[in-house]
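Following the hints, put chains B, A and R in place on chain V, whose structure we already have.
Protein chains: 4
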Amino acid sequence: MSGTKKIAVLTGGGDCPGLNAVIRAVTKSAINVYGMEVIGFLDGFKGMVEKDYIPLTLETVSGIAHTGGTILGSSNRDNPFRYLTVEDEQEVFTDQSDRAIENMRELGIQGLIVIGGDGSLHIAQEFYEKGIKVVGVPKTIDNDLSATDVTFGFHTAVDTATEALDRLHTTAESHHRIMILEVMGRYAGWIALHAGMAGGADVILIPEIPYQVDRVVEQVKHRYEKGKKFSIIVVAEGAREVDGEMVVKQMVPQSHDPIRLGGAGEKLAQQLEKSAGMETRVTVLGHLQRGGAPIPYDRILSTRYGVAAVEAFARGAYGTMVSLRGSDIVAVPIIDAIEKLKNVDPDSDIVRAAKAVGMSFGD
Amino acid sequence: MSGTKKIAVLTGGGDCPGLNAVIRAVTKSAINVYGMEVIGFLDGFKGMVEKDYIPLTLETVSGIAHTGGTILGSSNRDNPFRYLTVEDEQEVFTDQSDRAIENMRELGIQGLIVIGGDGSLHIAQEFYEKGIKVVGVPKTIDNDLSATDVTFGFHTAVDTATEALDRLHTTAESHHRIMILEVMGRYAGWIALHAGMAGGADVILIPEIPYQVDRVVEQVKHRYEKGKKFSIIVVAEGAREVDGEMVVKQMVPQSHDPIRLGGAGEKLAQQLEKSAGMETRVTVLGHLQRGGAPIPYDRILSTRYGVAAVEAFARGAYGTMVSLRGSDIVAVPIIDAIEKLKNVDPDSDIVRAAKAVGMSFGD
Amino acid sequence: MSGTKKIAVLTGGGDCPGLNAVIRAVTKSAINVYGMEVIGFLDGFKGMVEKDYIPLTLETVSGIAHTGGTILGSSNRDNPFRYLTVEDEQEVFTDQSDRAIENMRELGIQGLIVIGGDGSLHIAQEFYEKGIKVVGVPKTIDNDLSATDVTFGFHTAVDTATEALDRLHTTAESHHRIMILEVMGRYAGWIALHAGMAGGADVILIPEIPYQVDRVVEQVKHRYEKGKKFSIIVVAEGAREVDGEMVVKQMVPQSHDPIRLGGAGEKLAQQLEKSAGMETRVTVLGHLQRGGAPIPYDRILSTRYGVAAVEAFARGAYGTMVSLRGSDIVAVPIIDAIEKLKNVDPDSDIVRAAKAVGMSFGD
Amino acid sequence: MSGTKKIAVLTGGGDCPGLNAVIRAVTKSAINVYGMEVIGFLDGFKGMVEKDYIPLTLETVSGIAHTGGTILGSSNRDNPFRYLTVEDEQEVFTDQSDRAIENMRELGIQGLIVIGGDGSLHIAQEFYEKGIKVVGVPKTIDNDLSATDVTFGFHTAVDTATEALDRLHTTAESHHRIMILEVMGRYAGWIALHAGMAGGADVILIPEIPYQVDRVVEQVKHRYEKGKKFSIIVVAEGAREVDGEMVVKQMVPQSHDPIRLGGAGEKLAQQLEKSAGMETRVTVLGHLQRGGAPIPYDRILSTRYGVAAVEAFARGAYGTMVSLRGSDIVAVPIIDAIEKLKNVDPDSDIVRAAKAVGMSFGD
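Protein chains in written order, with this note's numbering: chain V, 1 to 363; chain B, 1 to 363; chain A, 1 to 363; chain R, 1 to 363.
None of these hints come from the bench; they were simulated from the model.
Copies of the same chain are indistinguishable here, so a pair counts whether it falls within one copy or spans any two.
Pairs of lysine-lysine, DSS-like flavour, derived with a Cα cap of 27 angstroms:
1. K226 - K51
2. K274 - K228
3. K228 - K51
4. K6 - K355
5. K226 - K6
6. K355 - K5
7. K229 - K355
8. K133 - K340
9. K226 - K5
10. K221 - K51
In isolation and in its complexed conformation, chain V is listed as follows (with noise of 0.2 angstroms):
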């Protein structure tokens, strides 16, 4: 061992366009740069805690950069510190945190990155705060992590999304119909937002901005009138009415989630029915935003971020997080990133400019 470092990488949370782009950042330039050993834990903190691994070579990672899902598996369910295990026929959590820790030093292991969302960045900072030399890669579809313009895989989530609506403007438009496309967005709107934007939606719901119905029905009214016979509709999962409940994040995540997703679109589609008296249609993209190869923006992005990554451990900077600001790469703590969440900014250029252009957030 002596000189050589050894560290590992695990990928944690929800699929992603741009995770494998990561892990063969991270392991070609650990190898490249620093002639690093780099292994890859399996499916999540899970492979941390059973110690289940594999070595990550230049081979290993050829030829992944431009491909979807991980090639370390993943989970969103598996925290070290509130670890389902069972006993005696009965489900239980404990803290199998140290047993990770010692995984590591028995494997030899100084650094850890983990690539990961709030949930998995949480965990991170906690094993930072027992000692552990991590380095964190934002990741989340939805971009709502603080402490950084933009995470990888949302500009891929983007633009599936806005393929959808196109696909779907031209069966509103054929049948006079309201379309409502409900996609990925539980306390952000981000995705809504930009999808709305360069799908050309007609109306964009998201959780930070209450919509009234109302609102909505004169939109798609007005419209009507001026022989827009059709309507589309973009709506985060976590919308509500201005009455409504606001969906409130649960920042240390359990193992099971307790939201149903699909319910927001199909809420609004009845209302819309019954106001408007206009057929209307509910797509729920789900699943659909996750998957599929990283689009370039996103390919380069995890390049970048990967690559810092392994530059921010070796540097020393343990319980950061690299982060994209304006044009640049920085490392931020990671405590900066997870203690509260991102969200669109009602009065933001960006919410203005599609209201300039006459899209309406049902406010």
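Then chains B, A and R, alone, in the frame of chain V:
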């Protein structure tokens, strides 16, 4: 008017990529080759009853070949022979076909090009039997029309469904899940079969081959044992179990659609979660299959169909539908196209090929 | 060895989307359905002469159906019957076919699947005539093989060329220019014809219909006078003027390619700048047409071809090539496929359709 | 006229995806938010000199956000301050800027939005210095404008170039070739750098980092020895050898383009065929990079820019250009944007990242 002939074109039924390319080809060839005048009835047969139409000129149809939807609008509910009207606040169905024919006479229209699926072609046939000079153009996403090798729009729908499978694939693999994609195909499994083959599905379930849940579970487990801890299943909305009830095609379409989408995939997911004990997710592709721009294959086929339809009218081949046979466009009696569905033959080379490369049909 | 049969597969000639899907289908069906063993010769016929090969297993071919290129490598220069070797520092061509056959014998290979265009199929036929149990799979971007409706890879190339036309369209219109796209098609104009129709070209020039520059200028000026100050022209590399020299197909391919690409478009541009006085730009699509992932149509066709080729071998249909006829895959004698080219028929419905919608062929 | 303000918009320079989205955003926000009237000068500054324009209404700009090109037409040759006219059959350049200003006065136009690259922005600045209320929108495929993080159209061009690299990759690998892709970038290597990273190029040659052929050969041979018998090279058109002549930017654009495209790739190919002894092919992407529909990223950026430009005019920020800084749109003096090019910094994290994953810049 004298020597100049005047024809009308309309688009009936659900949205389908390539409608605009047919409209353009009908219009351009009628004007360029035969010096005819062309009008387009709006919103399918409704425009014929209500005398609602627009003139179609070279300018009107310029630049629309690669666009989705239909510039004429459509309707999949309005049948002139059973036309919904409101009398004394009561909904009643009355025969308005004579009114439609009278409208044609008043407008000086000698021929009618009907672009539609089996519902619209049934109506076209009825008009033909009442003396109208009708030519049909076969349109259905589902590809289930007899008497033609391919309907336009089908290959675009297959593309969309294949892309969805590609996306689900990465997530299935990353999370060790079963991912189910439900696609269109109430009576025929063409989309599921083609997309399944192109998208590398592990299981393909179609109406023509009733499935047994046990066999599907077997395939999933077989893969698991070989180290492939995920499976991709594509299921046509009309897929059914061996002892399940078959969806019976109502060859004369009713005004309202009695079958709700989304059931087949959801039902299967519940069965699999129970039997295979694996996390399973369902995506219902729905309207995304109908909209969007036609792929080049469909742009070309639509153009050939449109031109051939006008040719058929010009040479007096009334009551026919244009049809692709091998590499050629021919005209066949509409009646041959609609008297029975074109189903997937379980013994065809294409099903055999899918099985040979390891795909299961659950039989 | 005893009962188990062993077959070899190779890919010859230029790159073509779908090669890997055929290799996968051959391998999977040979193993799954017939319990055969499969090897792949590397770099086309060269691997057969040099005894350079890899075993093909279910693992080897997993996940390659949607990838471009060929995992076996290819070569469009190595003909065992006229094999380039260096003796005494001199390049000489010698017959190495017996050596290739001896290699097959030593490896215990009973059958050979040749995936290739007319050059490779000629060689396949020669081996068949020397007693080798050969089955061919028709591959050519150009779609100019007789005895099959479609070759795999063709529709993907049409997609690529159509997308290029879509892109050039916007620039042509913005800058009031003539944009020329030169596509493949030395002897047959299938790509130009199909892409031209799908991409809305104003002029389509193909080898089968010699053009007159004056007629092209006429079309461009006619458009200009109607207010369309731009034109899009797609030209096959083998397009020629009425009094121009036809490119004569060398049915037995030589080792080096005597024709340089890029001439047809450039020549036409010079003619047009002079005659029409409009700014003209040429784009040569070149290799972009050959590479990349196959579209779903080609993934399916390739899979069917691969399975059918093994079936043909299994039932003893040696010396045949699999072929698409309408909706069916059949086997036809290789000799029928290669004795003459399949050209575009100037009187076919598809050319008629292109002309009917206003496209000019310069004739 | 009284209180209503009237503004004009024009698009100058080469085609660029997103122009129409800017025009739409300018028009919609001017009308919706400020109640202004909007006209569009045709064919860039030429329309301003010739008083050639169209009114822009909500209808005019409906549905154009996702289309390529510009509905206003463009020109990259007409500079009002050095305007080409023919006098006595002689081509002469005269200053027509006063005539252009007089036209604006006659039309009652108070403000001018110039959408263009550095050439057009130079002209905009000159008009501003003569008292015209100008706001600029930064447009260049090349992304080489100072004072903004990103110009619209750039990421679409990167997408196109990346897709081309993906295609060339398969052929390079199948045929053991070096494939060279020449992309735009006469003075700055942004497209080559981004596309090279996203498309997994082995060598990236850009104007900012002069290359040595020997180093390129080294990289190619190094790969060959590791069993990777192919290489992908992306070269900016302005790339040059260490001792080569740099292409000097003419900051005031001339009326005719003195540099022929296609040289850099072809020259390198000849060098490599000789030095590396490997088959090498060149593809010049050319106009394909400029045309086509903008990707969602560019649709959004264009919309924000268009709205922000009108806002800047409304609040009196004349002589500024809208600009992306991090996540925000701000206004900066035009003069800051055009006084020097934005070049790739050889020491930036993105170049370092590319090198870390094994890409060579030939230095």
